[in-house]
Every structure is written in structure tokens, then in C-alpha cells.
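Participant: Please model the complete structure; the sequences and the hints are all you need to start from.
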Amino acid sequence: MTELPIHAALDDLIQALRSRGRAVLQAPPGAGKTTVVPLAMMQAGLTDGRIVMLEPRRLAARAAAERMAETLGEPVGQTVGYRVRGESKVSKSTRIEVVTEGILTRRIQHDPELAGVGAVIFDEFHERSLNADLGLALCLEVAGALRDDLMLVAMSATLDAEPVAALMDAPMITSEGRSYPVETRWLDRPLGPKARIPEATADLVVQAVRETEGGVLVFLPGEGEIRRVEGLLNGRLPDGCVVRALFGAMDFAAQRAAIQPATSGRKIVLATSIAETSLTIQDIRVVVDAGRARRSRFDPASGMSRLVTERVTKAEATQRAGRAGRVAEGTCYRLWTRGEEGGLQPFPPAEIESADLSGLVLELAQWGADPADLPLLTQPNAGSYAEATALLKMLGALDDNGRITEHGQQITRLPLHPRLAHMLTVAGRDAAPLAALLAERDPLRGAPVDLSLRIEAIRETRRFMEERPYQPHRPTLERIKQEAKRLAKDAPAPRGLSLPEMAALAYPDRIGARRKGTAPRYLMSGGNGAVLDETDPSANAPFLVITDVDGDRREARIRQAIEIRQSDLRALFEDRIAWQDICEWSPREGRVIARKQERLGAIALDDRIWQDPDPAEVARAMLDGVRQLPLPWTDAARRFAARVELARPNDPDLPSMRDDDLLATAEDWLLPYLDGIKSAGAWKNFDILPALRAMLDYGQMQALDRETPAHFTTPLGRQIPIDYGGEHPSIELRLQEMFGQKTHPTVAGKPLRVTLLSPAQRPVQTTMDIPGFWDSSYEDVRKDMRGRYPKHPWPDDPRQADPTLRAKPRS
DNA sequence: CTCTCCCT
1 MTELPIHAAL DDLIQALRSR GRAVLQAPPG AGKTTVVPLA MMQAGLTDGR
51 IVMLEPRRLA ARAAAERMAE TLGEPVGQTV GYRVRGESKV SKSTRIEVVT
101 EGILTRRIQH DPELAGVGAV IFDEFHERSL NADLGLALCL EVAGALRDDL
151 MLVAMSATLD AEPVAALMDA PMITSEGRSY PVETRWLDRP LGPKARIPEA
201 TADLVVQAVR ETEGGVLVFL PGEGEIRRVE GLLNGRLPDG CVVRALFGAM
251 DFAAQRAAIQ PATSGRKIVL ATSIAETSLT IQDIRVVVDA GRARRSRFDP
301 ASGMSRLVTE RVTKAEATQR AGRAGRVAEG TCYRLWTRGE EGGLQPFPPA
351 EIESADLSGL VLELAQWGAD PADLPLLTQP NAGSYAEATA LLKMLGALDD
401 NGRITEHGQQ ITRLPLHPRL AHMLTVAGRD AAPLAALLAE RDPLRGAPVD
451 LSLRIEAIRE TRRFMEERPY QPHRPTLERI KQEAKRLAKD APAPRGLSLP
501 EMAALAYPDR IGARRKGTAP RYLMSGGNGA VLDETDPSAN APFLVITDVD
551 GDRREARIRQ AIEIRQSDLR ALFEDRIAWQ DICEWSPREG RVIARKQERL
601 GAIALDDRIW QDPDPAEVAR AMLDGVRQLP LPWTDAARRF AARVELARPN
651 DPDLPSMRDD DLLATAEDWL LPYLDGIKSA GAWKNFDILP ALRAMLDYGQ
701 MQALDRETPA HFTTPLGRQI PIDYGGEHPS IELRLQEMFG QKTHPTVAGK
751 PLRVTLLSPA QRPVQTTMDI PGFWDSSYED VRKDMRGRYP KHPWPDDPRQ
801 ADPTLRAKPR S
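Residues in the first sequence are numbered consecutively from 1, following UniProt numbering.
It is worth saying that the hints were derived from the structure and are not from the lab. It cannot be assumed that every hint is accurate.
[To be verified] Cβ-Cβ distance ranges computed for the label pairs, FRET-style:
#	residue 1	residue 2	range
1	E727	R706	16 to 24 Å
2	Q282	D575	56 to 64 Å
3	P709	R515	38 to 46 Å
Every value quoted in this text rests on a predicted model; they were computed, and no experiment measured them. Using N, Cα and C, we set each Cβ at its ideal position, and we do this for glycine too.
Facilitator: Okay, here's the thing in C-alpha cells:
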């Protein structure tokens, strides 16, 4: 044990804790900090209280306790113990207690003084889990207000521990790691935009196997990609190579088999990010990194999380590469170029920035603090925070002022998402299997969506497997059963609710009402859309409680649901169902629809035509339609708008007549004129000119007539219309009618576009500068015209000639 | 082109 590199840093750490009571220890994986630090703190006699260490995973908590106990030559549960959900090995003599992160939160909420605890160590803090962020913030508050003797240590593997040290006002101590050098090999040129990750990864694996020796670990984003690469590698690897998959959904035994050293041959493990931190694989010398990571991201707009596949971050790529250097020097192949390396993000987002925050918001409400006042390393995502608050109010866990209710207090005591804890609290013990099911991954992936099939598989597994054509995922099913038993123990007496009623308690915002039409498309009470596979047996249900959907933004696919009767909805949500007058623009029908609807959130339970809607409301709804339709320009209206636009630079008070400005201000000028207009058809025939004219007052109108007159008076006194439809206002007239004209005609201070015509009314020249025309091209025009129209006058000096429309008098 | 990891 003395050979571990962490020992060199221990003196500094103990010294810092003795003088400051806090420290940040930065040590790479393999330095041995997890087992060495708590024992060293105990042996230094820093505190009489217990030393509590947080681990992000149950397996890691158990393993750390076991290794420390072994060092002391004791069984676990004496000096060193652990406590994870549903399992604990601690006794009166326990001095070091390893716990998972959620346990600490519960303990602080229950006993804010942390009586008997002398120190808290946050292991793997760089992972930035929601519970670790929250736990550290709460501990810092406790240490600041109630317990100035409470020691705090954050241990982090990455090189970016400074922000934590600053937050904790603690010295930073750095330790060397104990790993071998890893050589990185990049691609020569970037993957094309059309390149497929599995194909490209398989090629790289083949190359890596050819160029190196030893076990190979391949990082891929998910199970699907792992299966595809597995298929692509078939037959392309030398004899003796053994390919194994490794991902979270596999059962424990299969995971262990993948991790074990191969008894013969060369091992190639295709893994998700599970192999990045959670599981260490023996005898890996080579890493192939496909460069992608799949993460869950909470979308506040839909209130749901969805999975996204993104480029890995620098921190993840470093961590992955490090897995090749645990036993000897290794090699890391990256599916990107050296040049692309700079474009990678440094760290993945912390959970507090990207995850569902319902649990966190409830914990903060129980703590009685606003997140802005807490010493958090990162503030929670504002949109997710608001969405979580709204959900908790809907569940009755928070009151209107955002304070925790008695019901909310009960919810925090259950080890479940607030939705499920609410359901279990209200429905009682009967809901335990459903709560366990909804908390786990689906044991019947690919089967019809009906939830009752899954409950049947849980309750009567043997009969289900004999009689039903679906194969449940056994390890998941067993976990669910065990968890259901545990949840049932502390749950209140059952209230006799049906399965759909219980599910609806947890998902009041995901009651789906089938839309009209043949496709099984649903509108959910929360306002989002969801769609069911057409062949699913539930596809005709008028109402569904939708408990699981994929994350598609526009229309999510339903993965789990259960049909619910309308009468059940009415009984369950009596206080949230109400009649509403609906007067709105229907983009689908292209008209204003006026109805009276009995609504539960966004969905209608009953729907009737509203016979005599208020005209003002109709006009307002029509306005929403107008914003989605083109403006019905007539020639006259367009001419008028063009004149106003022309005059506007000289008179800033004139309203803008550009389409987008008109639409933006439609409420002011158009609304009073919309009486009786209810459809796209009526709007198309609507004359907007009177409404446009009414935007100008009397004075402005007079100025407009003066500045941008409807007609131009020719030198011969004729009135010809000015065309305001083009880019410039323009007129057309016979060239000879402009003889004698020494200046160019203007409106609103701008030159008219003048098209000069031949005696046969053909365009001869277009000009915005008559004097310039006389000086330059008139000479050529004159020669041409004289040949064609010899009977007409074509004087040498047009400036001095008289305007005329006649031919030359006969001589 | 059907779901990463984890926790009270």
C-alpha cells in the first residue's frame, strides 16, 4: 500500500485539514485516493466524529468499504461500514461510513447539524452529479452556520479543480497518478459528413488490432451501435479474437463475463460510457474511441428528457484514453483528427444544467433556500427549474408561493421521482409495483405499449412467460420486483385505485386524447403531441395515460401507456376540469373556430359549438390567422403603401407599410376593421386600403398627396399616372413631350424613373437624369429616330425645343 | 437511425 502515489500528498492534505478544515484533492484515477484518504484522516485523529465518504455508485461504495476494511484486517461493518439504498453495514464502532450520494441528502435534511459526523468527503466530485452538487452546497451551508468544525474534502480526477477550491475556500493539493503512457493516434483526415460511425469504427478497430497487441476497448455511444459494430467485425478479425459487448442494460453476470480477462485469445470489448468510470476492465492495452457520447437532456418545453448523441468532450476523451494505460503502456485510436481536437468542449454539462430538476427543487424547498443563495458551483438551468416548480405545484408538493406542503414533505421521504412518490403516497401500497416499474428501464421493450402487460409480468412472471408471446428482460424484472417489495413496506394503506388511475396520478400532464383521423396520434394534457404505432392494440383508445415516450421534439413516440376511461379522468381530476370558451384560429381549417370545451389542460373531454361568440374575440382570433397568412394586397393598396414608404424618410411620423411591420402592428390598425372576417377565404377578398388609409391623419394625408401625388403633369399639361408599384416611382411618356425640360422631375425629393417612348409608343430610353440624357445618349437616339420617324421633329438641341406630340408641319 | 449513465 505504501507504493501508491497518493501517499506523497497525504501530509499536505492532513496539514490543510488541520489548519483550514477543508481541502480539494486533485488526483488522477489510479492514484488510490478512495481507499487511502479516509483511513489516513482517521489515523491522523483529525476528528472524533464519523468520516462520511460519498460515492456516486452503490458498487463503488461497497467496494471502497470492503478494501478499507481489508486493509485494517476487519470485516466490513466494524470500523469501516457502508450504507446504500436498501442496504447497510454499519455499527456503533463504525468510524468511516461510505455512502451513496442520495443518502447524504436525506441525512442532512433530517438532521441539519449532522450530529456525530466529523468530516464529509466527496469522491469523484468531477462527475458533477446532481446529488454531489447539492450535497456539497448543503454541507458548506451547515459548516458555515451550525458546524464550523465540520471538515470537508472534495476529491476530483480532472485538472480543473480550481473552481471547487474557490467555492470551498480551500487549498488545492495535487497528487500524481499511477498510470503508463498512452500514445494517441488520430485520423489523417476528418470523417465526411455522410460517414457512418459504426462502419468507420469497425474499420478503425480492424486497423488497431493489426497494429497492436493486447486487449482492445472500444467506446461507442449506445447498444444499437455496439450491435452494428459487432456485426461489421464478423469475419474481419484474425483467429483467436473474442468480441464482447458491455452496456448498462446487460445483467450483472454478463457484465462480469465481459470484464474478466479472456482465458484464451485476444479480447475486444465493445462498450458504452459505462466502461469510462463505472467498470474497470482487466488487461486493456488499446482503446478505440468513436468520439460520441449519448446523454439525456431535459427539455423544459415538453417537460421530458430526451437522448442526444454528441461529440465527446476533452475530459471524456482523456478518461477513455487513460483506460489503455492501467497495466502497461498503451495506444489510443481516435475517430477524429488532431485538428478537430481543438473544437471539442472541455467538459460535459453538469447534471444541474441538463437534467430533470424536480427532485432538486423539492429538496431545496424542504431546505428552505433559494438556489441563488446557496453555494452551488453551477446554478440550476432556469427553464428546467421553472418547469420542475410547475410540476411540483401540480402534484401539490409545493403551494402557490413555492413553499413545500405537508404532502411534499411526505414525498421527499420516498426514494422515488416526485411524480412516482406522489402516486405512491396517494394510491397507497397497491401502486408499489407500478412505481418500481416506472422507475426502471422497460422490461418489455418492443412489446405493445400497454402497461398492464408489464404489471402482469411482474405479478405472475411464470404464467406470463408461458402464455404470452413476449420475452421480458429477466434481470430488470427481478430488480423491479425487489424494489416493489421494498417500496410497499413503507407505503400507506391501499385506496383501491385502478392501474390507469394510479398512472394518471403520476402523469397528470400526459393524459393523451386521440386526435381525429385514422392515425393514432394523441394530444397530451400538457400540450405536447405523441404518436402510437398503428399496429399497437391500444391504437384505438380514446384516452391514454402516456407514461413513457421517446424524446422526439415535434411528436414523441409512445413507448408505454394505458387506456383510461373518461369517467376515471373526471373523478380523478374533478378540480382541474372546467368549461372554457374557446375562440381561436385553426391553421388546419383556415378559419376561426368558436367552441365551448370542457378541458383538462390542453385536451377536451367535451366539445360543443359556441353559437354566438363575442365579435371582439372573433376579431382577435382572426388576427392570429392574419399573422400566418399573406396580406391581401390590391393594386390600389400597394400603390398607396408605396407612396407612404416613399414619403416616410421625409416624415418619420408616417407609419411603416412594409409587410412585416404591418403584421407586427396589425392589432392597432387592422383589428377595428376585421368585423365579420372569420376565414382565410374572406381575408383573401378583404380590402385593406381603408384600414391602411386610416393609419394616416388628415394632415398626413394632405402632405402625402402633395409629396407623392397620384399624377405627374407633363410639360404639355397632361396628367399621367405615376406608377408607385416598383422600386422607384415611374412614368412613361413620349420623348418629344420632354423637349425643353432642363431638370429631372421628382416626387418626395426623389427622381422619377422616366421611360421615354418613341412616336410608336415603344420604349426608347429609361432615365433618372433627363439633363444627363440630353448631354449623352440623346445624340445616338436622335440619329436612330430620325431614320425611322422622319416626319417627327428631332432637334439638335432638345433643351431649346418645344415639347410636342405632333409630327412636323408639312413644308 | 427503438434507450447513455446513475441515485434517495
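Participant: Give a verdict on every hint.
Facilitator: Hints, one by one, checked against the model:
no.	hint	verdict
1	E727 x R706: 16 to 24 Å	holds, 22 Å
2	Q282 x D575: 56 to 64 Å	holds, 59 Å
3	P709 x R515: 38 to 46 Å	violated, 56 Å
Violated hint: 3 only; the structure is consistent with all others.
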